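S.K.: Join the two chains, each given in its own frame, into one complex according to the hints.
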Amino acid sequence: MPGYAIEAMNLTKIYMGRVRAVDGVSFKVGRGELFSLLGPNGAGKTTTIKMLSTLLKPTSGDALVEGYSVVRDPGRVRRVIGLVPQDLTADDEMTGWENVYIQARLYGLSGVEARRRTRELLEEFGLLDAAHRRVATYSGGMRRRLEIAMSLVHEPSVLFLDEPTLGLDVQSRRSLWRHIEELKRKGVTILLTTHYMEEAEKLSDRVAIMHRGRIVAVGSPEELKSRIQGDTVYIEPVDPADVQAIVKALQSAGFKASLAGGVVSVPVERAEEVLPAIARAVNGFKVKSMSIAKPTLEEVFIRLTGERLAGGEEAVDTFRFRRMLRSIRR
Amino acid sequence: MGATLVLLRREVLKWVGRRPVLVISIVTPIFWIALFGKSFNIINLLNAAGAGVDPRLAAAIREAMLRAVERVFGTTDYFTYVATGMLAVFALFQSMFGAVGVVFDRRIGYMTRLLAAPIPRFSIFIAKVLGTLFRITVLSAILLAIAYGMGARFKPGLGPLDLAAAWLVIALLSLGLSSIFTGLAFNVYNQEVLFAVANLVNLPLMFSSSALFPREQMPSWLQAIAGVNPISHAADLIRYYLIGKTLEDPTLSLAYLVGLTAALLAIGYTLASRGLREA
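Just so you know, the sequences run in chain order A and B. Letter by letter, the first sequence follows residues 0 to 329 of numbering that gives the first Met the number 0. Letter by letter, the second sequence follows residues 0 to 278 of numbering that gives the first Met the number 0.
Pulled out of the complex, with its shape left as it was, chain B reads as follows (with noise of 0.2 Å):
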């Protein structure tokens, strides 16, 4: 315990030490939500629905589009169905960026140092993994303020507790996503083979999930693949929370991914302490 907090403090004092690395990694998730969800903004085609057709017509269709917008995303709009969409791939890529850390610490032969010392294996591996919690926690609330300055609608009433319970969602993501990112990179000798995974992994992790649209709006083999994606049951459950979308059953939602962080944690741990067993 004592020395995952030190090794922890240590991950936050290198994070803030790192002033240009802070400051992108907070620009980088703006530009995504406002060019996501200020650019497909599906409410702007609605209110251009119905030119050149009878006044009453129109209003009625637009009408009847929005409500089926609003069944289907939550929210009438768009922005704040990705803003709230984004957090959830925003720990993933976070996840996977923390992991890197671990490839850097073994080539400075920081790692050894570590390995001589009279520490339990699991803290170094676990304050990796709460490293990258912490930074996803602080950017998390820094692009939500972001996300309300620019015009996301929350659900009415919003309280701490939703907030709480969607920083859950976003902390079981995180652990989880990160656990095996990092117990990889313990195996990796070379940081190059953690951007290639990245690149591999994220993007389809991205699409094929509920983050950036709906997945009853998806073609059926894409819904099951949505199905089992914990961006997904991420995504839905931070909507459930922030934005008051709907959802089906959220408690298995959660029992999911609580089931599948438990899973994350034991194989990226069992992979970490193969990568630790010896200098």
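The following block holds chain A by itself, in its conformation from the complex (with noise of 0.2 Å):
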């Protein structure tokens, strides 16, 4: 057996022939490890995992995935992995049961294995009560958590969930993060996508920051986080004609000011101890805010790409955007 869970080789894809969703992409993950790619809509992390779970075939480049290739072998990764799509993906026509039920039986389950996984699995997830129901009444954070159970039908040994917990309030983001958790724990490979620095940072053993299809660093959250040393001022004048000018008056000051999503960002050691210095520095702009930013993996973002997490929206298919806003709401 190979050392690595998922092996991914200079993964590439290449929309129209111009669009690199997916540049040159290359990670390893480790056996039960959790594994997150963060970065924001766009970045190429749904179509690194598509490209994983054999949905779509790359452009160039391969990924092994529990050393099989998802390019040559696509049927044998099928069979080792569970993917929980960003879409809903449950027949909201059928009750939470037959999804399940139906899903076990693909995998080729019997019919007596399929009812006793069924039930378990909705047991676990807690959708046991609600198993007769149409999935349609079901609220999001239901929905997401049946999504899941129809992911492990096979105890696949590797998982991919995409945006898990997009759209959940939370509530019932914390819970389904117990039951990532829980799944760790078992021992099943994890690879997760996010844009909620949170997320990232709470579930994760490591972290990749992924922006515009290639990976732009990969460590633990607290390895990613010490490579930003201290804090970050931000200020924010009044007139954003100004933002030159105060970052060439805090570069004089002794500072290494620069621009970053249209304010000014100062690295510091420790923000409090030169806070009156940069006021000082400062002096004679109106500015609008100063505000101190600890480190978190939203720094290191912003420090690596000079852009915000909570970037550029996606194209949505509307029909589903409406599905998701409609099981949201309940």
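Read the hints as simulated data drawn from the structure, not as lab findings. Keep in mind that this is a model prediction, so the values were computed, not measured. Since no wrong hints were added, every one of them can be taken at face value.
Sample of chain B residues lacking proximity to chain A, with all beta carbon distances greater than 10 Å (derived): (1) F30; (2) A33; (3) D53; (4) A59; (5) I60; (6) F133; (7) I141; (8) A144; (9) K154; (10) S207; (11) L221; (12) S252; (13) L264.
Here are some of the chain B residues that sit facing chain A, going by a computed Cβ distance under 8 Å: (14) G1; (15) A2; (16) V5; (17) L12; (18) G16; (19) I107; (20) T111; (21) R112; (22) L114; (23) A116; (24) I118; (25) E277.
Glycine residues also receive a C-beta, built at the ideal position from the N, C-alpha and C atoms.
M.R.: This is the structure we're talking about:
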């Protein structure tokens, strides 16, 4: 057996001959590890997961999942993975039970085994009471839990979770995190994509930060945070035209000021101690706000890319989007 | 094989679960056969013929015309003619509607799950086709029973073998048509496209066939079209087996249907695998 559960080698996906959705991505995920791809919408996370789960063919490059190539041996890969796609996939005309049961039969379980496994999974994810209700009546959190249950019928050793908590309220999100942590405890290798840095920080053993189809940094949340030494002070002037002048003023006062997403960012050792000096340097400009940011993955992302995590929106299928909203409102 | 059966089971489960759809799909063809069959009743016209003429001459005229009708329609009852022809038309409409399910599976995301599963891509396609065949089989049986209740006259000594043969014809037609429509649906992301195709194709196919009116009475250009229209062959074969209407060469018609079905299945699956390559 090879040492890694997932090994991406120069994965590249080019759409319509020109859009480089994923651009030479390589990483390795150890057995039982929880690995996150963190990045804004459009960074290429979903495309990466689709290639790893054999739903898309890479334009070039390859990946091994449990030692099987996604390009040459997609059938074998499908047998060992579970996939929870970003879009809801359960059939909402059927009951939760029927959805899980059919999934179990599709993965080759006998009728008896499938019934046992369905009951087990619905119980584990707190859906047994709602088992015989149509999925259309489920809440957003219940639907997400059902999606995960459906992906586990064959006890996959690798689980892909694409934005598992997208659109969920805080409580449902916490509950889903507990389920994910439980799976990790059972030794399932999990690859998760998210644009919530809190999620990546809380759940992951290691995080890969993705930006415009590339991985710009990989490491444990602590490692990544330690790359940005100290805090960041953000200064937002009343008049946006002042930012350049403020950067200059701060630089001549000895600070490493730079522009980040329309505001001035100043990396410092300990913000509390230098705040008076910074205030003196920007004296004379009309400042709207000054804020201190402690090291977070969001800060790491901004330092690495000069952009914020809440980036541009992807095009959405309005039909799906409405369905999603409907399920969330409940 | 296993995956196909599981997916077929889902199709049946969903169909049975949708009571209103089930009821409407049974009621619709009843309206059709009732309206077409009972209102265009040619025999009523015949019975009115010869008014004001010598009664014996009138009887002779009626007799002669009745013979002509029986020769052309294979029955003296137009309702029986339409009811049996409608089985073929019905297979056409159901095949078309069955394909819409593919588009919805994609839209609700279910297709993604199927593509990520270790099942043959062929099973995803053929389960849809067989699901449609199942629906058509059940509905055809109901339609036939109702037609019988409404006074359709089948051939004397109609046996299970005749019914099986008629089912085989319906099955061939359904397999072929639903293959091509289903294959198309795998490449379509919007159900309206399919409805547009249905509108474009269904009525011309129905009216250019012998389902509602015999080929012999059509203008020659329409006869030529009706001659290659699978609905014609299916309708004529069904009548041959159920009401005993003579058919020039049943074996040839059957061979034509088999060949066409095989071709449409191949084309349908080719189309489907194109649409199933990537999610």
